[in-house]
Each structure stands twice: as C-alpha cells, then as structure tokens.
Amino acid sequence: ILNVEQSPQSLHVQEGDSTNFTCSFPSSNFYALHWYRWETAKSPEALFVMTLNGDEKKKGRISATLNTKEGYSYLYIKGSQPEDSATYLCAFRAGGYQKVTFGTGTKLQVIP
Amino acid sequence: DAGVIQSPRHEVTEMGQEVTLRCKPISGHNSLFWYRQTMMRGLELLIYFNNNVPIDDSGMPEDRFSAKMPNASFSTLKIQPSEPRDSAVYFCASSLGLGSAFFGQGTRLTVV
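So the sequences go chain by chain: A and B.
For any residue, its number in my numbering is found by taking its place in the first sequence, counting from 1, and adding 4.
For any residue, its number in my numbering is found by taking its place in the second sequence, counting from 1, and adding 1023.
Rather than coming from a laboratory, the hints here were simulated on the basis of the structure.
Watch out, some of these pointers could steer you wrong.
[As the list claims (entries may be wrong)] Below, a list of computed lysine-lysine pairs in the DSSO-like style, where the Cα atoms sit at most 27 Å apart: (1) A:K73 to B:K1101; (2) B:K1047 to A:K73; (3) A:K46 to B:K1101; (4) A:K62 to A:K111; (5) A:K63 to A:K82; (6) A:K103 to B:K1091; (7) A:K73 to A:K103; (8) A:K61 to A:K111; (9) B:K1091 to A:K61; (10) B:K1091 to B:K1047; (11) A:K82 to A:K111; (12) A:K46 to A:K82; (13) A:K46 to A:K63; (14) A:K103 to B:K1047; (15) A:K103 to A:K46; (16) A:K82 to A:K103; (17) A:K82 to A:K62; (18) A:K63 to A:K103.
Work out the full structure: start from the sequences and follow the hints.
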C-alpha cells in the first residue's frame, strides 16, 4: 500500500491571501505526480502532471513544485479568490504503472 | 469530445438488487479507471483497464462487484447483490498512456 498524504486537511483563507499545501509520497520508484482540483458536486479536474525532480508548473495563479528525492510536492495559490474554493488532490504514480494512488485532499475555503 | 460520460447520474435501489453503472471513456484513451468516493475513505481505485484488459482489480471490495470493458468505448461496473454500505459516488475516468485522468460526472448510488 502506497502512502500518499496531504496536509493540511482543510484550510480557510481570506480573499487575496496566498496559500500553499503539501503532498507527501514515497520517494522510491517515482514516476509521476498529478494534481487535481475538485469542486463540490463536480468531478476532479486535472491541473498538473509532474515527472522530473525540480519540476515547476504554473497555470494562472496556481503553481506547483516537485521534489522526488525527498518525496513531496507543494501547490501554491497566489491571491486566492472565492472561485479557488475546492478540494485539491494529489495522485502518485509509481514506476511507469498506470495505477495512481490519491491523497485524501486539502479542502480550501476562500472567504470573501 | 463530450468527455467521459457516465450513466445514470443517480441511482436509488433496494438492498439485494443488481446495479449496473455505465461509462463511455474519451475516444482514443486507452486506460479506464473506476473509482469510489466515500466520506470515510476518500477516492478509492476499484479497478482499471488498459486496452480493454483488466490490469488491477485489487481495489474491488468483494465478489459482489464486477467490471467489464467489452470494447474501447464502453465499460460497466456491476454490483450484485447491492448492500446499503455500497452507497457512494462512483466515478469513471480515462486517460491516454500515463497522462492525467479525465473524470466523468459520477453516479451517485443509494442503496436502501
């Protein structure tokens, strides 16, 4: 069983604040790390897929970094907006294997 | 492409009845995943197919659950007989190779 952990479990921030959260995963046999955004009553939507140590990806105000040697990825949101409120999931893929293991997510609430 | 299409969106059934959930993946995608979302366990992978062949069904809870993918454009997840503890949202997702998965809208199953 692969251990993929996310922290914090939930987070409340004020509109305009920047925030970040963490995904920890096994540092051995790494292949890819995915980030998804999951709004209530919708389905998860892919944000990033990261494969190389030191990778940084950016999409608008959201960015992510990857450290495969120590087994963590950070997701950053700059200037949070109410529409950023969602659960952010990371998913770890080992060694070229299609199976992904999801973390339990960080639930973000941005307060106007 | 319309994305991953799941049917029905909602299903309410009585304990002991057979339930069949359906999924049409994105055309051209060669991997298909069935997930179950519950409050307790988050998003769990039940089974996935690669090129229509079941690769890993270790997440299928018990023999009451079965999944098929008779061709590249259709998959079913069957529960027979259904039990109240099977109540959950069931997601189907598809991907191309090792890329990010695209999720359907989910089927909310309630077993009474």
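Do the hints match the structure? See the list:
no.: 1; hint: A:K73 to B:K1101; in the structure: violated, 41 Å
no.: 2; hint: B:K1047 to A:K73; in the structure: violated, 38 Å
no.: 3; hint: A:K46 to B:K1101; in the structure: holds, 23 Å
no.: 4; hint: A:K62 to A:K111; in the structure: holds, 20 Å
no.: 5; hint: A:K63 to A:K82; in the structure: holds, 11 Å
no.: 6; hint: A:K103 to B:K1091; in the structure: holds, 17 Å
no.: 7; hint: A:K73 to A:K103; in the structure: holds, 21 Å
no.: 8; hint: A:K61 to A:K111; in the structure: holds, 21 Å
no.: 9; hint: B:K1091 to A:K61; in the structure: violated, 36 Å
no.: 10; hint: B:K1091 to B:K1047; in the structure: holds, 12 Å
no.: 11; hint: A:K82 to A:K111; in the structure: holds, 16 Å
no.: 12; hint: A:K46 to A:K82; in the structure: holds, 23 Å
no.: 13; hint: A:K46 to A:K63; in the structure: holds, 20 Å
no.: 14; hint: A:K103 to B:K1047; in the structure: holds, 19 Å
no.: 15; hint: A:K103 to A:K46; in the structure: holds, 22 Å
no.: 16; hint: A:K82 to A:K103; in the structure: violated, 31 Å
no.: 17; hint: A:K82 to A:K62; in the structure: holds, 11 Å
no.: 18; hint: A:K63 to A:K103; in the structure: holds, 25 Å
Checked against the numbered hints above, the structure breaks hints 1, 2, 9, 16 and satisfies the rest.
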